[in-house]
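*Asks:* Okay, here's what each chain looks like letter by letter:
2 protein chains.
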Amino acid sequence: MTRERRRSGRTTSRSTHQPGKSWLRIKNPYPPIAQFSEDELEAIHLTSLNLLRDKGIKVLSAEARNYYRKAGARTSEDTLMVQFDSDMLLETIRHAPSAFTMHGRAPERWFEVGDNNLVFATVGGPPHYSDLENGRRAGTHETFCDLLRMAQNYDVIHLTTPMVEPQDLPIPVRHLHMTRSVVTLTDKPTFIYSRGREAVADSLEILRIAQGVDQQAFAKRVHCYTVVNANSPLQLDELMCAGIIDFAKAQQAMILTPFTLAGAMAPVTIPGALAQQNAEALAGIALAQIVQPGAPVVYGGFTSNVDMKTGAPAFGTPEYVKAAFASGQLARRYQLPYRTSNVNASNAPDAQSAYESQMSCWGAIMGGCNILLHGAGWLEGGLTASLEKFVIDIEMLQMFASLMQPVVCDQDTLAVSAFDEIDPGGHFFGTQHTLERYETAFYTPLLSDWSNFETWTERGSIDATQRANHIARKALGDFIPPPLDEAKREEIDAFIEKRERAGGASLTA
Amino acid sequence: MTRERRRSGRTTSRSTHQPGKSWLRIKNPYPPIAQFSEDELEAIHLTSLNLLRDKGIKVLSAEARNYYRKAGARTSEDTLMVQFDSDMLLETIRHAPSAFTMHGRAPERWFEVGDNNLVFATVGGPPHYSDLENGRRAGTHETFCDLLRMAQNYDVIHLTTPMVEPQDLPIPVRHLHMTRSVVTLTDKPTFIYSRGREAVADSLEILRIAQGVDQQAFAKRVHCYTVVNANSPLQLDELMCAGIIDFAKAQQAMILTPFTLAGAMAPVTIPGALAQQNAEALAGIALAQIVQPGAPVVYGGFTSNVDMKTGAPAFGTPEYVKAAFASGQLARRYQLPYRTSNVNASNAPDAQSAYESQMSCWGAIMGGCNILLHGAGWLEGGLTASLEKFVIDIEMLQMFASLMQPVVCDQDTLAVSAFDEIDPGGHFFGTQHTLERYETAFYTPLLSDWSNFETWTERGSIDATQRANHIARKALGDFIPPPLDEAKREEIDAFIEKRERAGGASLTA
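Chains as they are written, first to last, in the working numbering: chain A, 67 to 575; chain B, 67 to 575.
Derived from the structure by calculation, the hints contain no laboratory data. Predicted model, so just to flag it, every value in this text is computed and none were measured. Among these hints, one or two may not hold up.
A pair counts as met if it fits within one copy or between any two copies, since identical chains are not told apart.
Think about it this way: if two alpha-carbon atoms lie no more than 30 Å apart in a straight line, the pair counts; the simulated BS3-like pairs of lysine-lysine are [to be verified]:
(1) Lys375 x Lys93
(2) Lys121 x Lys136
(3) Lys564 x Lys315
(4) Lys375 x Lys540
(5) Lys286 x Lys315
(6) Lys554 x Lys315
(7) Lys93 x Lys286
Chain A with its partners taken away, still in its complex shape (with noise of 0.2 Å):
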């Protein structure tokens, strides 16, 4: 971990393309695009410092008001509200590293979140899934385990979410299932739900045992993150407090996300509706470091509008990426990781989710953004997890870690030698040049269709939704699990069984 933050600039490498392997870690080698000038941002900053101080944030938490106060805050048990000086607020969050390092399982599973690291996870969250053959439905388990297993094939994804909410599992239990489905499916880091203190607790511990280690040396690594959202505006509840605390005292990652739809809970302005992003962030933030000074932590954005004839949630609008360059330029202000979303509003993954997920993924990644999370499967707003849709977003995301790739200049990649090999109105296809790269010369698709028009119809005029289905059933079909110790999956079934036996985990914080 590092204060200082280094946008390390361009570096080189042989290959344009390098698949697999060796999209494990990606370095985003474009300087961020900025949304607003340094005035503007200060602006931005000031509103929402002037904010926490004037009116503040309500808590409703006794014990995070608790930790707030010691810190030096103005706390009111009787609004429940938490105000902030200014100065004390900008010291808490100086605690937080600008970087920090997440392993996985598996060795090779590790990279850093910060700087011009760039880290792709998948959707989180929805209750319902679905697919071609039977179209949408409530998330299960079962759904849920496909999902991973398709968040394992691919290494351009690095972090596994709550793909989908598998309904069918009983809640106070549902978190041993999901984790355990989690560490015998994937050797990625994960996320855990804040969803009460019992079943974070239990969830860490699972994660522990897959791991190997004890608990001194399991708190030395990142092996996992929450998100807690603020009741946008201006709240955090109590399982969100908890979220917080928990994952501070574990050292573990937590991403701090106001959820400030622009004209719903959040002014229906573009700067205003960042004021209170950033207002809501630094107080959760400023939580994690008063529990634990250098917990890791991520600046959330997620900003975008709301259809102002319907109140109906809209992203990958062009406010979406507004707000997405912007959100970069504050999270970087306060030299903290970013992260924002690959997101759409469609009902169906069609061209219109293609569309509205690239223009949220070019403003996430051009922005800046460190972790994009929901980068791949997201449909409906969020409600929805498409097994279709996210074989499209990992076409997209691959291209997105090939286009991060640099490009080599030098007298080689500048075919001095190719010019002499070819006559005017010749091609290039059979010079030593060309023959000495074609193969790794460019990215690969995964999904899309270059042959002719022809070719294309004799092999039944398929579109591009209809093939991710097939390319998620032979990658479901050809899955190989992960290997884990049959010790350690012994150990993790034998702790479920316990905590079933117990009644599982109160839903309380």
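Dock chain B against the given chain A, drawing on the hints supplied.
*Replies:* Here is chain B on its own, set in the frame of chain A:
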């Protein structure tokens, strides 16, 4: 026209949502993304100059070789090669304006090309047309007219193109009927094919009559443009040279776009392909400036890659994006306006067509392009103009136009007053701050459906491509052509009748 390149920086405007007429002129407020360092850019530049000096470019037109020779280039009537002293070449292209204004026949249809201005054109050149009702088929005059109606209908389209080849019109008179349809169905600046000198002269004459000005006045403004590709690698044929010469003499715009697909007509490495693109572009632009110093020209970048397994062209790839960023750097190095494209290789207006187009558009627009050709309707690597893709693209272009609208950041938009109106955990729907702004706060989509799943299902689960078809049918049904004086119309008809009686145009250079 001005030599000095102005990146005028961030300007402000009250409204972030400016539909319709306000999209007549778009400025890109974001600094362009660079792919290469200044040293690397210089290496590409020098490689292309050395290529033109040591190897040269093959020029099949004796008239063009004559122009080049008189300007100081070395030419061979044996090999047909033209070689350039680098200083002479750079001195010659320095005559080209860094920006110019184009005018349609309606007074409000003008815009700047160059600086940070952004102009969108429709798809140009496909032999085929497709729609959901009848699938893919040979282009006809009627389908060409339908696409012209679509192009006229959306203000985000600035320039028209030969959107599909009307294969039912005899070749010698095809240009006459096409140009008549252009001036009767649209009032925007347009494209003229360089398919022979008589055809160019005929088309310019029809535009002149429609403008209602004499030849001298016509030549004082830029009303139209042509695109000259090279026969890459390193060759210009008779028709191309004639196009360059004719458009320079007529003081109309010429976009020189080498057809550099890496691995096929260009080296398999991106820097090599760019060096070749640059050599070909500079050679063609030099011819225009020799014929008529100061003639409006545009630096065209089209570098993409092929599928090295099949040789099929690929578009919207990571390599395409990198080349688009780099081509913008090259164009700016010579203070020339920059043209690139919205392209994809999909056979259907599906998710692939959308994400590949988005990749292209982001590469183009964030690379600092001034003219985005093939902006709406391109499918299948340019072999088909799709009615539904046209609508999908219009939505995407409108989203980009909206993204380009700057965000005002002041006390009003920072929403300080709005926070006084709400309680923590409440919402902003009914606040005064929202009520005063909600109608114009956000981009309103054309195609995207943000309704919830239940409503969307009740309405028939219509995906984006099907909705695009409905939108196009309604636009075509409602279409009203822009006004054109009856006298002008008669004069055009008489001219065409006369030219048809004469057998139309010869197709030679």
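*Asks:* Run every hint past the structure and note whether it holds.
*Replies:* Hint-by-hint comparison with the structure:
1. Taking CA atoms no more than 30 Å apart as the test, Lys375 paired with Lys93 passes between copies only; the shortest distance there is 29 Å, against 40 Å inside one copy.
2. For the identical chains of this complex, Lys121 and Lys136 are intra-copy neighbours only, at 19 Å inside a copy versus 77 Å across copies, given an alpha-carbon limit of 30 Å.
3. Taking the shortest Cα distances, Lys564 and Lys315 sit within 30 Å of each other inside one copy (25 Å), while across copies they are farther apart (88 Å).
4. In this assembly of identical chains, Lys375 and Lys540 lie within 30 Å of each other by CA distance solely across copies; the values are 22 Å between and 42 Å within a copy.
5. Proximity of Lys286 to Lys315 under the C-alpha cut-off of 30 Å is restricted to the intra-copy arrangement: shortest distance 12 Å within a copy versus 74 Å between copies.
6. In the homo-oligomer, the alpha carbons of Lys554 and Lys315 lie at most 30 Å apart inside one protomer (25 Å), although the nearest pairing across protomers, at 80 Å, exceeds that limit.
7. Taking CA atoms no more than 30 Å apart as the test, Lys93 paired with Lys286 passes inside one copy only; the shortest distance there is 24 Å, against 50 Å between copies.
The earlier numbered hints are all upheld by this structure, with none contradicted.
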